[in-house]
Structures are given as structure tokens and as C-alpha cells.
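There are 2 protein chains.
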Amino acid sequence: MTRSRDVSRYSDQALQKLSDDLMAGKRRALSKALTLIESHAPSHRPAALKLISVLEKGQRAPALRLGISGAPGAGKSTLIEALGLFLLEQGHRVAVLAVDPSSRQSGGSLLGDKTRMEQLSCSDQAFVRPAPSGFSPDGVSLGGVAFRTRESILLCEAAGYDIVIVETVGVGQSEAAVADLTDLFLFVLSPGAGDDLQNMKKGVMEIPDCFVVNKADGALLPFARRAASDCRAALQLSGHRPSENAPSGRRSVLLCSALEKSGLDLLWQELQSLKQERLDLGAFEERRLQQRQRWFEEELRHQTMEKLFTKLDAAEPAVEKIRKAVLEGQLGPGQGAQELLELLWKE
Amino acid sequence: MTRSRDVSRYSDQALQKLSDDLMAGKRRALSKALTLIESHAPSHRPAALKLISVLEKGQRAPALRLGISGAPGAGKSTLIEALGLFLLEQGHRVAVLAVDPSSRQSGGSLLGDKTRMEQLSCSDQAFVRPAPSGFSPDGVSLGGVAFRTRESILLCEAAGYDIVIVETVGVGQSEAAVADLTDLFLFVLSPGAGDDLQNMKKGVMEIPDCFVVNKADGALLPFARRAASDCRAALQLSGHRPSENAPSGRRSVLLCSALEKSGLDLLWQELQSLKQERLDLGAFEERRLQQRQRWFEEELRHQTMEKLFTKLDAAEPAVEKIRKAVLEGQLGPGQGAQELLELLWKE
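As given, the protein sequences belong to chains A and B, one line each in that order.
Sequential numbering of the first sequence, starting at 209, is according to this note's numbering.
Sequential numbering of the second sequence, starting at 209, is according to this note's numbering.
If you are wondering where the hints come from, they were derived from the structure by calculation, not from laboratory data.
Fair warning: there could be bad hints in the mix.
Since copy identity is lost for identical chains, a pair holds within one copy or between any two.
The calculated EDC-like cross-link candidates involving lysine to aspartate or glutamate, where the alpha carbons are at most 16 Å apart (straight line), are [unchecked claim]: (1) Lys265 to Glu536; (2) Lys519 to Glu550; (3) Lys515 to Glu550; (4) Lys483 to Glu494; (5) Lys234 to Glu524; (6) Lys532 to Glu264; (7) Lys519 to Glu505; (8) Lys532 to Glu505; (9) Lys529 to Glu505; (10) Lys234 to Asp370; (11) Lys532 to Glu494; (12) Lys519 to Glu547; (13) Lys519 to Asp370; (14) Lys240 to Asp228; (15) Lys529 to Glu550; (16) Lys529 to Glu547; (17) Lys469 to Glu297.
Build the full structure now, drawing on both the sequences and the hints.
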């Protein structure tokens, strides 16, 4: 189905080699494949899609996909690094993907991305990928970021990483988006969590499967304890409602210190226990199935919009004529759009 | 361009009569036309679009479009009623359109809509329309609401209302959406505005052209004064930056009392002066032109998605086959979408 001219840069052989190298766990192949996935060039998409299909067929046992978010300053990155190193010690291979839904505005990855998670980045068994910049040709920033991230997760899994952490550096809406990409969603609070909790919009409190108060060390320990009990109280208020994401309604609040590397074992134990609970209830697979269904629907929307933009580019004089008529008030915008679309799709 | 079968319920003659009646200022015609615009039935769209084009050609001098938002409890509705009655006294004709971006979730207009703005509703020279329910077949709730509202504004203008107030009863994102539909945007604060200001997300503070603290009466007056000075301080902090919407960067903070009907004259004076300033700078027309451009683009997106859904419905067995392959992992979601779209648009 892939049109031959579109894959000029990636022949079937080249794609097969890329996928073989990636499945053999070669880091360079993974980096190269991620770059292909993240590419803005429309001509790269068919190759990227084909690669995904090939990798899915040869796929290993899927990883645990863990979403992590938190208020700025809660020490998300240091916690991810500490947790990642802990997981490496347990024999896991860990990939970290950063997602930045606001990258379109800031125009690139966050400052300091290169130096973040230095220790983790150095390990053979870990892979850290900063947020790609400037997504979403269709203007739906979050959507664009989200499904490139879905593909990136599959790539990491195919490369043998059995724990894929998706870190969102955005705020607000990004929580729901990242929860929709992952099996479990962890929210990191700082010891001054009162503010964090207040800043969490109504409804957001129900998204995480687990809360962890970081920096529970030294002089901050009593504050961390209080933040944890505030968080428990807030959860009580919001009613511990079971949801599609959390069928038992269980949402724990834990303490940890990325600095002292304490509490990480309990955190991991809790995450594993949550996973097991979901597996036993059949909810783990159900959630993945629904995520895949939504992914498919979003691809349909996205690719349809891309088709529209391609057609608009190709028919510029006609587009310009109708656009002028609309702007000058000779045509209503709705009717102008209707006439233009009939024209574009007539061929 | 409108296909004949689509306008079965509205012949060209019927549309012409509707538009004549509407332009003659007949209320029933306006109500009927708004219902046509708000209709969910795809078969009504071509007639609605045609009506808009007809009305635009015969249009009167455009009205002042005034967006009004505010924190819940700030007394937005009573202020709109008081301001509306004040404007009627000045010889204006006032239409009020309520927009509720969250209506999709709540499943309808807000409780009590029928009894809101009772006095204003009773006047011959005013027209009050509650928020329509359950928009957006494409899932982009805000977008769907927004461009139906654009059309409704045009209808009210064609019916001779020279001031159209768009009230948003939503929160958060809706401010930007309503500002994009209107010439001036007013934000209503309550005397306890400290909280309102804190709840305004970063960036939202820059959207309004004017702030007004309502309930500046009786025992609340000192609190209202303090709220106004807090608001001025917050504006100072945010830097009074000129923007596309506010080219001079001027943003006033006023006091009023809907209860005592005080401060309404100063508020109206300020709004008129802002309008004049924009007109002198050429910014008034520029803003409208950009809004119309965005409207056209949104119509293109929206109608394209509608086309997609129609095609998906018509090709159900093929859709189901590919969907199954995607959910069972035989096809990547992206490639599945690509194959499906090639199939749908081949005919």
C-alpha cells in the first residue's frame, strides 16, 4: 500500500535492516528509528508506519509503560533517574521518553535536556530520549505529540526495554494524554504539596494511579509527611472513585527521596502490585485495547488532515481565490470551505 | 454548489423568505434561523451555510461584538442584564448569546437559563439566546461551539442588533475562544477577586481588554476597591504587553454594581473609547479579518472531518476489517489508518 516514491530514502531492505538492528538492541538503530518516527517530512511517514508494523509483528513481551508527571520543582527528573538506576539493579532495561506538549510554543526541547539524568544516560541498559521539538502540523499539539510517543514506546519495547517511562514536562492537559499512553501513571509531589494539590485541576486528581512525595529527606521529612496526608485527604474527598483507569479505585500515596535513594523499593513494589491487580481483573489488557482503539482513531483524523493540507498546497490558485472571496465577505466561511472541499476532492 | 437533496427542507424560496423576515427584524425568523444554525442534522448544514452567505451580502453596519466572561459567582448574568438595559436606554438593540463549551459533558443548557435575564428578555429591542446543547460531532467541543457562535453573531447583526454580547459560561480555555469571536472582551470579577485572579491561568490575564469588579455596592464596596487594585497590580506584573488583541496594551480596571446600576455608564464609555482607539489604529478591522481567516480554516478542518465520518459510516464492513486487524496487532494503527483512508477516498 505504501507508495514507492515515498519510501525513496528507506527501501524495504533498509527498513528490514533497521528493524533487525533495533530488535538486536543496537542503540544506534533505536536512535535512528526514533528520528524517523519524529521526522516532520511527510515523505518519511510511510516508512515510519511500515517500520511500526514490522516491529509489532516481531514484538517481544510488552514492557510496563509508566507515565510520570508532577509539579515543576517536585524533582521529577531526579526521581526518574533514581528509580531508573534502581530498576537497572533489579535486572531491568529502562527507556525514558520525555514528552513536551508545549514544545510548539517554546520552539524546542527544554534547556538542560542534555545534562538531565546523566547517570542513567550513561548505562548500557538504559536509554534516555529528550522531548522532540515542534510537532503537530495539524495544530493539535497534544495529539501530534501523543501518537508519535506511542510509536516511540513500541520502538523501545522492540529494542528490548522492558520498562518504558514516559515523562511529561508539560502541565494541565498533558496528564490525561500521557495516562492514555501508559499502563500506570505516577504523580510526583514536592513536600510543599499543598500548592501542587491546589494547582491540580479538578479531575486531574483522579488520573494518577499512584502519588509519591519526593524529597522526603532531612529537614523536609516532616513536610513531606504532611504533604502525603494532605494528598490522602484530597483523595478521600474526591471519593476514590473507580474509573476505567483504576478499576479498584485504589490510589496510594507514598514517600520517597531521590537524593537518599529511599522509598524506591516500596514505590516499585506498589507499582508491581497495581499491575498485578489490573492483570487479575482483566483491566490491564482492556486499557491497552482501548488505547489502541483511540490511537487508530487519532491516526485517522491526523492523516485526513494531512491529506487536506497536501491538497490545499497543490491547489493554491483555487484556494487563494475562494479565500479572497471569504475574506472580502462575498462568501460565508462555511460555504467557502464547502466549495473548496468539493473542488479539492473532485479529482 | 449546494446539492439539491440536502436542502429539501429549505427551498431557495423558503431561505429567501427566512432571510427577508430576519432582516426585517422579526424575532421568530431569528429564532428559527438560529435553530437551523445550531441543528445537528448534517442535511441542515448546506441550507445554514447558504443562509449565512445570503445574509452577509445584505448586511447592515456590523455590530459591536462584546465577549463577557468571569469567575462563577461574579454576577456575570446580572451585570449583562443591567448593562443590556442601560444600552437599550441609549437606543441600542442588544442580543445576548450564551456559549457553553462544556455543554457536551453536562448534556444541555445550564439550569435556570429560562429565568436568566428576565427583564432583558422581555424587551422588544433585546434578544437573549441560551447556550445550545451538545455540539461538536468531531469531538472538538470548543471548536464546534465557536463557529456556530460566529454564525449566530452574524444572524443577530443581520436582524439589526447593533450590540451582540457573547457570554461564556465555561471556564479556562473558553476565554481565548470567545475573545476570538468578539471585538472586545470583558472579564467580570467579584469583590473577593483575589481568588479569581489566582484561578486565572497564566496568559488568561492578557486576554481581556477590560476588567470590571461587580458588586461594588454597600458593605462590599471596600472589598471591590481592593479587588480592583489587586487586579491593577496583577496587570502591572504581567507587563501590560501590547498584543494582537490589545495593540496599545491598555487594559482598564473598573468598578460597577449591577444591583445599584452604578458604573455602567463609565464601563460603556471605556468600551466605546477602546473601540475608537482600535479603529484609529486600524486594529479593529485587522482583528476581524484575522478572525474570519481562522473561521475559514476551522470550517475547512471541521467539514473535512465530517466528510471522513460520513465515509466511515458508508464503508462499515471495510472499516471493521481493518479496525480488527489493528486491534489484534496485525497492523500498526498508523498503517491501518493509511490503508483505510486510501480505500475511502479511492471512489
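Hints, one by one, checked against the model:
Taking the shortest alpha-carbon separations for lysine 265 and glutamate 536, only the inter-copy value of 10 Å comes in at or below 16 Å, while the best intra-copy value is 54 Å. For a Cα distance limit of 16 Å, the shortest separation of lysine 519 from glutamate 550 qualifies both inside one copy, at 12 Å, and across copies, at 14 Å. For a Cα distance limit of 16 Å, the shortest separation of lysine 515 from glutamate 550 qualifies both inside one copy, at 14 Å, and across copies, at 10 Å. For a Cα distance limit of 16 Å, the shortest separation of lysine 483 from glutamate 494 inside one copy, 13 Å, qualifies, whereas the shortest one across copies, 55 Å, does not.
With identical chains, the CA atoms of lysine 234 and glutamate 524 are never at most 16 Å apart, being 44 Å at best within one copy and 42 Å at best between copies. When the C-alpha separation of lysine 532 and glutamate 264 is checked against a cutoff of 16 Å, the pair qualifies only between copies, where the shortest distance is 15 Å, while the shortest distance within a copy is 47 Å. In this assembly of identical chains, lysine 519 and glutamate 505 lie within 16 Å of each other by CA distance solely across copies; the values are 14 Å between and 21 Å within a copy. In this homomeric assembly, lysine 532 and glutamate 505 come within 16 Å of each other (Cα to Cα) only across copies, at 13 Å, whereas the closest approach inside a single copy is 34 Å.
For the identical chains of this complex, lysine 529 and glutamate 505 are inter-copy neighbours only, at 14 Å across copies versus 33 Å inside a copy, given an alpha-carbon limit of 16 Å. In this assembly of identical chains, lysine 234 and aspartate 370 lie within 16 Å of each other by CA distance solely inside one copy; the values are 15 Å within and 68 Å between copies. In this homomeric assembly, lysine 532 and glutamate 494 come within 16 Å of each other (Cα to Cα) only across copies, at 15 Å, whereas the closest approach inside a single copy is 50 Å. For the homomeric pair lysine 519 and glutamate 547, the shortest alpha-carbon distance inside one copy (14 Å) is at most 16 Å, but the shortest distance between copies (18 Å) is not.
Taking the closest pair of Cα atoms, lysine 519 and aspartate 370 never come within 16 Å of each other, the shortest separation being 41 Å inside a single copy and 39 Å across copies. When the C-alpha separation of lysine 240 and aspartate 228 is checked against a cutoff of 16 Å, the pair qualifies only within one copy, where the shortest distance is 13 Å, while the shortest distance between copies is 64 Å. Proximity of lysine 529 and glutamate 550 under a CA criterion of 16 Å is satisfied intra-copy only: 14 Å inside one chain copy versus 28 Å between copies. Taking identical chains as interchangeable, the C-alpha atoms of lysine 529 and glutamate 547 lie at most 16 Å apart only when both belong to the same chain, with a minimum of 11 Å there against 33 Å between chains.
Proximity of lysine 469 and glutamate 297 under a CA criterion of 16 Å is satisfied intra-copy only: 13 Å inside one chain copy versus 71 Å between copies.
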